[in-house]
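*Asks:* One-letter residues, chain by chain:
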Amino acid sequence: AQSVTQLGSHVSVSEGALVLLRCNYSSSVPPYLFWYVQYPNQGLQLLLKYTTGATLVKGINGFEAEFKKSETSFHLTKPSAHMSDAAEYFCAVIPDTGRRALTFGSGTRLQVQP
Amino acid sequence: GAGVSQSPSNKVTEKGKDVELRCDPISGHTALYWYRQSLGQGLEFLIYFQGNSAPDKSGLPSDRFSAERTGGSVSTLTIQRTQQEDSAVYLCASSPPSGGGYEQYFGPGTRLTVT
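If you're matching them up, the sequences are chains A and B in order.
For reference, each letter of the first sequence is one residue, going -1 to 112 in the working numbering.
For reference, each letter of the second sequence is one residue, going 933 to 1047 in the working numbering.
I should point out that these hints are in silico values taken from the structure, not numbers from a laboratory.
Since this is a predicted model, take the numbers as computed values, not measurements.
Examples of chain A residues lying across from chain B (beta carbon under 8 angstroms, computed):
1. Tyr30
2. Gln40
3. Phe88
4. Ile92
5. Arg98
6. Ala99
7. Leu100
8. Phe102
9. Ser104
Yeah, the Cβ is synthetic: ideal placement off N, Cα and C, and Gly gets one too.
Could you put together the complete structure from these sequences and hints?
*Replies:* Okay, structure coming up:
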């Protein structure tokens, strides 16, 4: 079964510092990978996705992620954190089996310190 | 344009009562999904509708849960004889027909509290 592991349930960075949120997936075939962000009391917003093609994908709000098949990873990065980036971030996967339900990681709460 | 909308935004109900949660997907989106978000279980898939195909119900946790999608648009998730463990935020998402339908756009959710 497909699973997603997010290392670190809480990450704290200083404003202006690099953001790195880790995601690893288990799959025998390359899946489709996503990062979503959830602000307090709101639904999930798609940050970026990887389906095929270029392994470095750019998303909204200055975030990007790199699909590394050899490491089964899809880590999310942002060069310089803003206070407004404080939220919960979820990595998710859809295996290419025709079943389109997202399997989510447990989430990482990002705190940005002034 | 309008996003996915859900109603009600909050619902408090007594144990044993039935509840209905509604989802209006983005116009033109052919796929619709229900997920549940709870403290103990994280984000879980419940059910998936694609066009006129039979829904994928593999994520429904018990036979007290059911969902329908009328006219290929609005969907209702029904929970019968609610239990306290049903307390969660229920999220609906929809996908467009293009691009393989892999991007899912989420509504704000319905927070269900069973007392």
